Amino acid sequence: MDYLTIALPKGRLLEPAVEMLNQAGVFTSDVSDDTRRLVFDDPDRRSRVILVKATDVPTYVQYGSADLGICGKDVIDESRKDVCELLDLKMGRCRFVVAVPASSHVTDVSGLGFNSRVATKYPYVARNYFASLGVQVEIVTLNGSLELAPAVGLADAIVDITETGRTLRDNGLKVIADMWTSTARLIANRVSYRARRSDITEAVQRLSEVMAGQ
Amino acid sequence: MSLRRKQIPGGLRDYLPEELARRRALERRITEVFNRWGYREVVTPTFEFVDVLESQTGYALKGSTYRFFDPDGELVALRPEMTTPIARLVSTRMRTELDPGRFWYLANVFRYADPEVGHRREFYQAGVEIIGSGSVFADAESIALCIDCLDGCGLRGFGIDIGHMGFVNGLMRDIGLEDRVSSAVKAALLRQDLVGLKSIVGELGLSKRDNERLLALGDLRGDESILVAGADIAGNSEQALSALDDLKKVVSRLRSLGAMGPVSIDLGLVKNFDYYTGVIFQGHAFGVGYDICGGGRYDNLLAQFGYDSPSTGFAIGIERVLAAVEQGNPDLLNEPRTVSGVVTFEESLEPVALADTKRLRQSGIVVEVELDARPLDTIFERAVRIGRSFVLSYSRGTDGLRCDVFVRGENREQIASRLREVLPSRRFFLSCLETDHTER
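Sequence order for the protein chains is A and B. At position 11 of the first sequence the residue is numbered 11 (the working numbering), and the sequence of numbers has no breaks. At position 272 of the second sequence the residue is numbered 272 (the working numbering), and the sequence of numbers has no breaks.
Hints in this document: simulated from the structure, not taken from any laboratory. Note that the structure is predicted; figures quoted are calculated from it, not measured. There may be inaccurate statements among the hints.
[What the hints assert, rightly or not] Computed list of chain B residues with no C-beta within reach of chain A, every gap over 12 Å:
#: 1; residue: ARG191
#: 2; residue: PHE305
#: 3; residue: GLY364
#: 4; residue: ALA373
[What the hints assert, rightly or not] Straight line, CA to CA, 25 Å or less: simulated BS3-like cross-link-like pairs of lysine-lysine:
#: 5; chain 1: A; residue 1: LYS90; chain 2: B; residue 2: LYS208
#: 6; chain 1: A; residue 1: LYS53; chain 2: A; residue 2: LYS121
#: 7; chain 1: A; residue 1: LYS174; chain 2: A; residue 2: LYS121
#: 8; chain 1: B; residue 1: LYS208; chain 2: B; residue 2: LYS198
#: 9; chain 1: A; residue 1: LYS90; chain 2: A; residue 2: LYS121
#: 10; chain 1: B; residue 1: LYS198; chain 2: A; residue 2: LYS90
[As the list claims (entries may be wrong)] Just the calculated beta-carbon pair ranges, DEER-fashion:
#: 11; chain 1: B; residue 1: ARG5; chain 2: A; residue 2: GLN214; range: 58 to 64 Å
#: 12; chain 1: B; residue 1: GLU224; chain 2: A; residue 2: ASP34; range: 48 to 54 Å
#: 13; chain 1: A; residue 1: GLU202; chain 2: B; residue 2: THR46; range: 43 to 49 Å
Cβ atoms here follow ideal geometry from the backbone N, Cα and C, with glycine treated the same way.
Kindly produce the complete structure, drawing on both the sequences and the hints.
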């Protein structure tokens, strides 16, 4: 049988994800994103970890280059990729929020003026959110340093994820809406989930046990 | 001309001769199986009235048909799938020929999809419809035929999951879910979003038992023994129990047909078209990240066209099966090369050369005619490059007509004797068509 390939995101989720896979005995070798290595094999468990950019995890999984993946719900929703969500890993918790400058008189989303500009790294999620509330805004897509956008007049508000809200406060922003909470998910390729059902079910089972023990 | 004019829209593709030859070989293998099972081919128009095409395809295709106004002012659309057009065709034009009607098609279908998400906007489907039989044996036949096609393509290591709309629907009705919730549960099952399913079910405030029954839908997959586990959670739902009964009969029939090998039962299986009513199935193959085929029973679709007739069928995604077959064995679909060559001649010998060409073609040999009277070296180089096995050159020698045959490959003698057989009155001067003569 081929190796079970798991796509993991470089960055803050990597360490807890690897620890969880180690504890569950799904993948027991070390993984580190300090080196240039991107592929890590565990010949005993016949599993393989590949390291990819967080936003690319759903892509590797959808196309079947990885059977499983771990990434945030925020990334899954924004990517619109067709993958199965098998397990809420309850880690990497962060909130999707709408924030405006602390000095602004706006206190909720409906207070945003007609055609306000909203800066975000998540244009798809943001557009859907405002559309569901019937609020017309213009979405500006940025790739980082969102906090800056209101300060320099690029946007009236931002949609971003935050763990504690502290970075937002430090940058003179206030939260006017909690959209939803994102956590890390175990995702699977649709066909792998069928073709390798027993391997994957066993991995899900073991990961659930690790979570229950925590 | 701008660069844009040299491109094609995203999600579409061209086929070059060699790729297309492999696709055609695959299509031939599939349609030969259809014919062997007694199915007959039908063709429907590429576009039809929107009202017909969108009558019951459901949310999967909402907003994804290519619609346009034709010059009469009628709103029409490119067909997004073939089942509805065939249901329309049969119910309006072929009612007397049923009991049951077995039809096959091979057609391109069109769906507006985001190419970013990896879906094509035009793709090819081969499929069948059995119209006018409500028997579960028709469902079993359709599944076994599908498996026979995939086997016939040389595909190895594929799997087929079988389920039943009546099981999922019956269970949800028994628990008393509102339509809105049922749709959400089905959507989560369709995406195989188990986290989403858990969260939807968790918010309903159901009894622990009903909670477990719904969550089990995400998990009830395996061999036949799943039918027993299914009976446990079906409770008193007659619809769910009768679905299990149908599946039992299908399994037993598939076993007799020798087609149970790749089959699993998945009681949580749902499909993305609203017209499905009974047994449903889909197939997957190693190395292809998408379903490769799917189908099921659609008993109410023909009633939309004024002819109430139970029906079932399936479609195979040609490009996806092609990818899966080539992944397993890249050469499987390469057809053996036929004898083929190029004829070139001096202008005055045109009548002789072309009369010979006609006879060669009639005998089944592939012949191209040199159009630009280029030097032999150029013709040889090209012939070798595109895989021709001989070049036949007519010239006027000192003692009249001279026919030089330059042959390539190991079976030179065979090719030469084949040419002598077809053109017995010609005297051939045989040489080798490879680098050695081009140096000469």
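Going down the list of hints, with the structure as the test:
At roughly 7 Å from the closest C-beta of chain A, the C-beta of ARG191(B) falls inside 12 Å, breaking its exclusion from the interface. Under the 12 Å C-beta cut-off, the non-interface status given to PHE305(B) relative to chain A holds; the minimum distance is some 32 Å. The beta carbon of GLY364(B) is kept farther than 12 Å from every beta carbon of chain A, the shortest such distance being approximately 42 Å. The beta carbon of ALA373(B) is kept farther than 12 Å from every beta carbon of chain A, the shortest such distance being approximately 51 Å.
Between LYS90(A) and LYS208(B) the CA atoms are separated by roughly 23 Å; this keeps the pair inside 25 Å, and the hint holds. The suggested pairing of LYS53(A) with LYS121(A) holds, with an alpha-carbon distance near 15 Å, which does not exceed 25 Å. Of the pairs offered as hints, the one joining LYS174(A) and LYS121(A) holds, with about 18 Å between alpha carbons and a cut-off of 25 Å not exceeded. A hinted pair counts as satisfied when its Cα atoms are at most 25 Å apart, and LYS208(B) with LYS198(B) qualifies at roughly 13 Å.
Between LYS90(A) and LYS121(A), the direct Cα distance comes to roughly 22 Å. Compliance with the 25 Å bound is thereby established for this hinted pair. Pair hint LYS198(B) plus LYS90(A) holds up; C-alpha atoms about 14 Å apart against a cutoff of 25 Å. A hinted range of 58 to 64 Å for the beta carbons of ARG5(B) and GLN214(A) is consistent with their spacing of about 59 Å. At about 50 Å, the beta-carbon gap between GLU224(B) and ASP34(A) stays in the expected band of 48 to 54 Å.
Between GLU202(A) and THR46(B) the Cβ separation comes to about 47 Å, which falls inside the hinted range of 43 to 49 Å.
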